[in-house]
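> Chains as they are written, first to last, in this note's numbering: chain A, 1 to 731; chain B, 1 to 230.
It is possible that some hints are incorrect.
If you want a taste of the chain A side facing chain B, the calculated C-beta under 8 Å gives, among others [claimed, not checked]:
#1 K632
#2 M637
#3 F640
It is worth saying that the hints were derived from the structure and are not from the lab.
Here the structure is a predicted model, which is why all the values come from computation and not from measurement.
By construction, the Cβ of each residue, glycine as well, lies at the ideal position given by its N, Cα and C atoms.
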Amino acid sequence: MKFKKQYPLVLVVVCAVFICTLLVFYLQSIDSIKKVLAHQNQQDFTLTLHDEGIITDLSNKYSFSYDPMTYKVIYDEKNVYRIMQNTRHIDIPLYSEGVAPQKTTEIAIDKNFSQDNKLALGDPVTIGNTTYSISGIFTLPDAISPLVADNGVGYKPTTQALILCSEEVYSNWDEQEKTSYAGRFLESVSEEQKQTNLEEMLMDSQVKSVMSKEDNPQILSALSAKEKMFKISLISALSFFGLTVLVLLITIVIQSITEKKSTMGVLKALGYARIQIAKRYFLIGPFVLIGAAVGYLVSYVVSPLFINSMNATFLVPNVTQNFDPVQFILFTTVPALFFSVMAFVIAIFSLRKPPLEMIRNGTSVKLNFLVKRIRITNPFKKAVFKAIVLNNILLVFLALLTGFMASANLQIAFSLQAMSDKVSSLTFKGSEYKSNVRFIEAKEMKFLDAETPYFSEDCKIEFPDGGVLNNGQFMALSSSLSRFKLYSIQKQETIDISKQEGIVVNDWMRKKYDLSVGDTVKIYVNNVVYQLPITAIEQSVYGEVVYSNMDVAIHTGLLEKEEYNGVFTKDNVEFDSKRHLFVSKFEDVLYASSQQKGTYFALSFLFIIIGLALSILTISIVMKIIISSNRKYLAMMKAFGYTNLECNRIVLSGFRIIAYIGFIFGTLYAIVVTKILFDLLAKASTIAIPMTPDSKAIALSLVIFAVSYEVIMLLYRKSMNAVSLQEVMMK
Amino acid sequence: MLRIENLVKSYQNGRELLYALNAVSLSIDDEEFVVILGPSGSGKSTLLNVISGLEQPDSGSVTYDDYEICGLNQKEMTLFRRDKTAFIFQAYYLLPFLTVESNIKMGADLKGNKNISDIIDALGLGGLEKRLPYELSGGQQQRVSIARALAKKPDFLFCDEPTGALDEETSKQILTFLKQLQKQLKFTIIMVTHNASIAQIATKVIKMTSGKIVEVTSNAHPRDVNEITW
Chain A
1 MKFKKQYPLV LVVVCAVFIC TLLVFYLQSI DSIKKVLAHQ NQQDFTLTLH DEGIITDLSN
61 KYSFSYDPMT YKVIYDEKNV YRIMQNTRHI DIPLYSEGVA PQKTTEIAID KNFSQDNKLA
121 LGDPVTIGNT TYSISGIFTL PDAISPLVAD NGVGYKPTTQ ALILCSEEVY SNWDEQEKTS
181 YAGRFLESVS EEQKQTNLEE MLMDSQVKSV MSKEDNPQIL SALSAKEKMF KISLISALSF
241 FGLTVLVLLI TIVIQSITEK KSTMGVLKAL GYARIQIAKR YFLIGPFVLI GAAVGYLVSY
301 VVSPLFINSM NATFLVPNVT QNFDPVQFIL FTTVPALFFS VMAFVIAIFS LRKPPLEMIR
361 NGTSVKLNFL VKRIRITNPF KKAVFKAIVL NNILLVFLAL LTGFMASANL QIAFSLQAMS
421 DKVSSLTFKG SEYKSNVRFI EAKEMKFLDA ETPYFSEDCK IEFPDGGVLN NGQFMALSSS
481 LSRFKLYSIQ KQETIDISKQ EGIVVNDWMR KKYDLSVGDT VKIYVNNVVY QLPITAIEQS
541 VYGEVVYSNM DVAIHTGLLE KEEYNGVFTK DNVEFDSKRH LFVSKFEDVL YASSQQKGTY
601 FALSFLFIII GLALSILTIS IVMKIIISSN RKYLAMMKAF GYTNLECNRI VLSGFRIIAY
661 IGFIFGTLYA IVVTKILFDL LAKASTIAIP MTPDSKAIAL SLVIFAVSYE VIMLLYRKSM
721 NAVSLQEVMM K
Chain B
1 MLRIENLVKS YQNGRELLYA LNAVSLSIDD EEFVVILGPS GSGKSTLLNV ISGLEQPDSG
61 SVTYDDYEIC GLNQKEMTLF RRDKTAFIFQ AYYLLPFLTV ESNIKMGADL KGNKNISDII
121 DALGLGGLEK RLPYELSGGQ QQRVSIARAL AKKPDFLFCD EPTGALDEET SKQILTFLKQ
181 LQKQLKFTII MVTHNASIAQ IATKVIKMTS GKIVEVTSNA HPRDVNEITW
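Same shape as in the complex, but just chain A (with noise of 0.2 Å):
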C-alpha cells in the first residue's frame, strides 16, 4: 500500500483525530467535574434560622448534617472581602493552587478574585490596615457567582472576594458575624424522604429560610449547569460528529474497494477465493486505529487550551487531564475493529458478482432501477450530472450534509447570539429603576405605597400540572407608578398591567410546567394558599417570579396586612447598613448582563467552528472522491475539447445544488429541531432559550457558507484542472 494513494485513510486519521480530542475533552470535563463534586461534600440545602440555638434540635428532626457558614464582610476603598473560616466540612474549598492558610500572616483567595487582579501565591493582600501574604487559591461550589457584598451589590470577581484565614484571624476582625448553614441530608435518607424533608422544613415555623441546592441558582450555575452544558454538547458532537465521521469512513471504505473493483475480479477470474482477496481489507483497521490513537493521545495536547479557555470563561474548577488505559484502548480497538469487519463484509459483498462484470466495472447492479432513469435522452452534460448524482448516493448525502452541518451549527450560533442580546434588551427593558431595597425592618404599607413601583414576596407556587416552585417570587406592581415592565410574549406588546384580573407567568414557565393562558396557579406566602389564574405570559426566558398588580394581590388578600417586608424600587437610595437588608443597583444588572453575552458569545463560536469544520472536510472529502473517481473521464472529456470550466460545471456543478439542498434542510433542521430541544431543556432547567426563525441569522450562514464552499470549490478546480490525459493513460 502506498501511503500516497491513501488519501482517504489520512482523512480517517484526521477524522479520528478530531472526534477524539472532543470526545477526550468532554468525557475528561464531566469526569473532573464529578470529582470535584464528590470532593467538595456539597451541601444539599441553605438554612437560616429565627433562633440559631434550635438547629441541632432540627438536624435530628430533618436527619441533616450541617456546617455553620458563619462569616464578616468587610468593606474598604476598593473592595468587598467576605471572610470565613477554614474549618468546613460541607461545601470544602478545593485549592488549585497552594493550601489552607495556617499561620495569622496568610489567608486564601477565590480563585476569580486572584485571575481578575492577577494575584498568584505568596502575593500580599491589605485588608483594612493588615496585610497578608496568599497561602492559596480556591474554588467553592458557588464559583461562578458566590455571593460576597451583603448589601444587594452584584457579583463582580474584579472588587469582591472570598476569603479564608484562620480561626484567631477571623476573631481579631470586628465586624459583626452573621450565620447560615449549609446542611447535607445522612447517607440513609432516601431522595424521596430528602424532598418531603425539605418541604417540612419550608412549612416549619423555626426555620426562616431554606433553599435547596437545585434552587440555588450560585451552586446549580457553577458545576451542574457546567455539566449539563458538556452533556449539551457532547451530544450535538456526537450526533454531528459522529454521524458525519460514519458516513465519511464508510464511504471512503465503499470508495477504495469499487476503485479496485477490477483488480479484485482478475484476482477472482484467476481463482482466488473470496475470503483470500477480501481479507486485506482488515488492513483498514490498522490506519483507523492509529488514527484513533494519535487523535487520543492529540487530544492530551489540545485540551489544555479548551480546558484553560473554559475555566477561564466559566470560572469553574480546574478540569484535570488523566490518562485512562481502559478508554485509549476502547477508543482505538474498538473502531478499528468495526471498520475492518465493515470493509472485509463490503468487499466479499462486491465478490459476489461475477469476475467478468467486475473487471469490467460495470454499473452496480442494486443501482441499476436508478441508471434506468437516465436511459432517457439527456443532452450529454444533463445526462453527466444525473448520472454522477444518481449512482453516488453516498456522495449526496455527505453533500447533503456539508450544507446541513453549516446551516445548522451556523444558525444555533447566531440564534445563541441573538437570544443573548434578547435576553438582555429584555433585561434592561424591564428594568427601567435605579435600585432594588430591601429593609432591615418591616415598614408600613402606607409608607412605602407612595415611593414603591413594586414590591415582592417570598413564596412557593404550586402549578396545575403538579410541578413545584419552592423559591418562588410573587411580584405586585403599582398600575400607575411601575417603571417596571412586562412584554407580551403574543402580542409583543408591552403588558397593560392594571388591567391583569390575574397573574402573569414568563415563557420558561410555560414551557416547563405546559401553562396557558386561564390555568389556575396556587401561590403560598407564610403556610397561607392564594389561587389566581394566569392571564397573560410574559417573555422572559428565565426567573421564577409572577407578577399581579396591587389590587389584585390586595383584593387576594397577599396585601392584607400593614407592614410589609419585601424587595421595594427606590431610586437614588444609598445602602445604609442600619436600615437596609440590601440595596441592589441597575448597574449590577448591567454587569451580570454583559457576563452572560461572554458566556454565550464562547457557546457560539464552538459552534460555529464545529459547523464550518465539519462543512469543509466533508466538502473535500466530496470534491477529491468524485474528482478522482471521474479521473479518466474528465482527461477524455478535455481530450475532446472540453475546457476546465466546462468541466467544472459538468462533475462538480451538480453537489453545488444539492449542498444548498442540504443548507435548506439545516435551516428547518435549526428551527425545528433545535426548538424541540431547548423546550426539553427548558423543562430540565431554568432557562427557556427561544428559538425563532431569524432572518438575518440565516442570510448571515447563507454567506458563510457560500464563501467557504466557493474557496474550496475554487481549491478543488485548480486540482480538477491538473488532471490530464497522459497521466490518466500512462497508468
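Keeping the supplied structure of chain A fixed, place chain B upon it in accordance with the hints.
Below, chain B without anything else, positioned relative to chain A:
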C-alpha cells in the same frame, strides 16, 4: 495539411534525460490514413500526443494549415482540439454510467451536432442506443467510441491502438468502419499501432525507433481491410 518540424520531447528519468522524440519532422496531407509503427518506447504515442495538442514539445513546430499549435495557451489549445481533432483509444474510455447515445453526444454536443442518428446507423449501433457500455462487447464499445469521435466532425482523427484489445475479426470490422467513414466524411486518420499488418491499408506508414523516424513509406494503393491477416 499537417506539418511537423524538428520536434523534440524529452523526459527526465532519474538523472538521465530520455528523448522520446528527437528532431522528428514529417508532413501529412489531408484525408491521408497514416499508420505509425514501432516497438514499445519508440516514441510513437508521444508523437501522437504532441501532434494532437495533448502535450507540448520541448522544441519544434506542429502546423495545421499554417496554424502553429506549439506554444498555444491552455484555452487556445482546448479550442483547437474542440474544433479540429478527435480521439479513439484502445481502452475506449466510454463513460460507464452513460448510455451509448449519451456517450456519443459527448462528441456531438461540442459541435452542436443535433443529428447523431446517421453516425449511429453508419456504425451499426442502431438498437443499442439505450444500453450502457458494460452491456456491450469490446467491438461494440469501440464502435461507440468511433461514433463519439466522429460525431464532432473532426478534421483529424487520432487513434491509439484502437484494435489492440480486439480479436482479428472485430478489429477488421472496426478498421472497415473507419475506412468507410473516412471516405464518406473526409478526415485524416493518424493511427499508432504495434500491428504491422494494419500498415498495409494505410496511405502512409511511419516507422519509429528510439524517438526518431527511421522510415516513411507512401502507399499509393493501399489494400482493402479484408485482404489482410494477422
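> Checking hints one by one. Is K632/A an interface residue toward chain B, by the C-beta closer than 8 Å rule?
It holds, given that the least Cβ distance between K632/A and chain B is near 6 Å, below 8 Å.
> Against chain B, is M637/A within 8 Å by beta-carbon distance?
holds, 7 Å
> Was the hint right that F640/A lines chain B, CB cutoff 8 Å?
Check passed: Cβ of F640/A comes within 6 Å of chain B, closer than 8 Å.
Of the numbered hints stated above, none is contradicted by the structure.
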